[in-house]
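> Next come the chains, spelled out residue by residue.
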Amino acid sequence: MQAAISAIEYHLPESTLTTEDLSAQFPEWQVNKVDEKSGIRTRHIAAEGECASDLAVLAARKLFDSGACSPDTIDHVLLCTQTPDYLLPSTACLIQDRLAIPTTAGAFDFNLGSSGYVYGLGLAHGLIGTGQASRILLLTADTYSKILNPRDKSVRTVFGDAAAATLLVAEDEPAPLIGPFVYGTDGSGGPNLIVPAGGMRRPHSPETAVESEDDSDNVRSRDNLYMSGGDIFVFTIGVVPKLIDALLRKASIGLEDVDLFVFHQANRYILEHLRKRMKIPAEKFQLTLEHCGNTVSCTIPIALKQAALEGRLRKGSRAMLVGFGVGYSWGATMLTWPGLH
Amino acid sequence: MTAQEFLLEMDDILELPAGTLAGPEGLDTLAQWNSSAMISFIALADTHGARVAVRQVAGCATVADLMRLAGVRE
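Chain order of the listed sequences is A and B.
Note that the first sequence covers residues 1373 to 1713 in my numbering.
Note that the second sequence covers residues 10 to 83 in my numbering.
Chain A extracted, bound-state conformation (with noise of 0.2 Å):
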């Protein structure tokens, strides 16, 4: 048997944070240029009290009110978030009960960021392959914004909140219809985008509560995210491009056999810079992140979803699947799409 996605839902949170807004809040952050630059205008941001799970529930219960689906067919949930309702339990299994997806059903917490959609699908991927399961509710959710500092306008641009809801089946197919994959890991590159407050290393405390300006004039704590937005672009050139290669290699196709590039939707300046570094025409190359921003793991799901109602993929179509971010952490697969529900 092998996985196929069969559906693919998101929630956005209500609430929006806009150009507009941000250049009211922080005249002096020239807002209007930042944006001109990565490509975002509006962010989502969830609400005080909302957390991933509220979002992740929502965007599973649209899928389920499409038709896709009922709860009680799914035998696994498998939900990416590096912000979790609690430490313990999985959130998965709080949005299990929520639900009302069959106790018989498994469900984990796994920690990625933004290559997290691609993991997710590896995971799927293997489990259906190896008759763990038929039936997956692969959710990527996260809140963002509730880890970072309000005046801290290198991430306060950036990043959105959204959960993404994608049904993986089963299908009696000879091929895979997902795969091969690359994965990679750096972890050196931790410390360039991270909480350094908060875990286990070093738990929440007064001291880590102390703000202080950068040398942007950014204000955080060691409370809040830290983005070192030059190393994390020489990160993503130097290793996107071999990431690339060695997917193509791995699946024994050419740059040109592939029908839509969907990489991580990071911001607009990193991506047009890769797009014409790998000399993808922009046709092939799928653009969603002006009206959500980088939603995480979410990026990628959303920008599917995208694809698919713009016409940009149809049944047949190859996808190439791109994430890479906060870890280091990276990943890439292909994608023969079937058609969503």
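The reader is advised that the hints may include incorrect statements.
As the list claims (entries may be wrong) - Okay, the calculated beta carbon distance ranges per label pair:
| # | chain 1 | residue 1 | chain 2 | residue 2 | range |
| --- | --- | --- | --- | --- | --- |
| 1 | B | 31 | A | 1690 | 45 to 51 Å |
| 2 | B | 56 | A | 1683 | 30 to 36 Å |
| 3 | A | 1625 | B | 28 | 45 to 51 Å |
| 4 | B | 41 | A | 1681 | 35 to 41 Å |
| 5 | B | 38 | A | 1438 | 56 to 62 Å |
| 6 | A | 1442 | B | 56 | 48 to 54 Å |
| 7 | A | 1582 | B | 13 | 44 to 50 Å |
Stated by the list, open to error - Counterexamples of contact, computed for chain A against chain B with all Cβ distances above 10 Å:
| # | residue |
| --- | --- |
| 8 | 1391 |
| 9 | 1404 |
| 10 | 1483 |
| 11 | 1523 |
| 12 | 1558 |
| 13 | 1570 |
| 14 | 1594 |
| 15 | 1627 |
| 16 | 1681 |
| 17 | 1689 |
Claimed, not checked - Far from chain A by the CB rule (all over 12 Å, computed), these chain B residues:
| # | residue |
| --- | --- |
| 18 | 27 |
| 19 | 38 |
| 20 | 74 |
Note that these hints are calculated values from the structure, not bench results.
Glycine included, each C-beta is placed from N, C-alpha and C at the ideal position.
Let chain A serve as the given structure and place chain B on it in line with the hints.
Just chain B, lined up with the frame of chain A:
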């Protein structure tokens, strides 16, 4: 990329009129030399085959230093 081409690219990155930069300018004297401009410089170097690290850029004091880092001959 020639030195002149590099300087014109840097004029654009730093939002200066074309032909402004000559090389000796101190980066700390240029109002638009910020984290965003640094990324644009790294992208420019990458486009022309030079892989530079953030710490290398941080070690540059002048536009001419950036030019050398990008592998451009003066």
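> Next step is simple, just say for each hint if it's right about the structure.
Hint by hint, here is what the structure shows:
1. Between residue 31 of chain B and residue 1690 of chain A the C-beta distance comes to about 50 Å, which sits within the given range of 45 to 51 Å.
2. For residue 56 of chain B paired with residue 1683 of chain A, a C-beta distance near 32 Å keeps the hint of 30 to 36 Å intact.
3. At about 46 Å, the beta-carbon gap between residue 1625 of chain A and residue 28 of chain B stays in the expected band of 45 to 51 Å.
4. The hint said 35 to 41 Å for the Cβ distance between residue 41 of chain B and residue 1681 of chain A, and at roughly 39 Å that hint holds.
5. In this structure the hint that residue 38 of chain B and residue 1438 of chain A lie 56 to 62 Å apart at CB holds, the actual value being about 58 Å.
6. In this structure, residue 1442 of chain A and residue 56 of chain B meet the distance hint of 48 to 54 Å, their C-beta atoms being roughly 51 Å apart.
7. The supplied range of 44 to 50 Å is met by residue 1582 of chain A and residue 13 of chain B, whose beta-carbon atoms lie about 48 Å from each other.
8. Its beta-carbon lying about 15 Å from the closest one in chain B, residue 1391 of chain A satisfies the requirement of being farther than 10 Å from that chain.
9. For residue 1404 of chain A, the shortest C-beta to C-beta distance to chain B comes to about 13 Å, beyond the 10 Å cut-off, and the non-interface label holds.
10. A cut-off of 10 Å between C-beta atoms confirms that residue 1483 of chain A is not in contact with chain B; the least separation is 26 Å.
11. With a cut of 10 Å on Cβ distances, residue 1523 of chain A stays outside the contact zone with chain B, its closest approach being about 16 Å.
12. No Cβ of chain B comes within 10 Å of the Cβ of residue 1558 of chain A; the nearest lies about 14 Å off, and the non-interface call holds.
13. Against the 10 Å criterion, residue 1570 of chain A stays outside the reach of chain B, whose nearest CB is about 25 Å from its own CB.
14. With a minimum CB-CB distance of about 20 Å to chain B, residue 1594 of chain A clears the 10 Å threshold, and the non-interface call stands.
15. At roughly 18 Å from the closest C-beta of chain B, the C-beta of residue 1627 of chain A stays outside 10 Å, upholding its exclusion from the interface.
16. With 10 Å as the threshold on Cβ separation, the claim that residue 1681 of chain A sits away from chain B holds: the shortest Cβ distance comes to roughly 31 Å.
17. Even its closest Cβ contact with chain B, about 30 Å, leaves residue 1689 of chain A beyond 10 Å, as expected for a residue assigned away from the interface.
18. For residue 27 of chain B, the requirement that its beta carbon stay farther than 12 Å from each beta carbon of chain A is met, with the minimum near 19 Å.
19. Annotated as non-interface, residue 38 of chain B keeps its C-beta farther than 12 Å from every C-beta of chain A; the closest such distance is 16 Å.
20. For residue 74 of chain B, the requirement that its beta carbon stay farther than 12 Å from each beta carbon of chain A is met, with the minimum near 16 Å.
Of the numbered hints given earlier, the model fails none.
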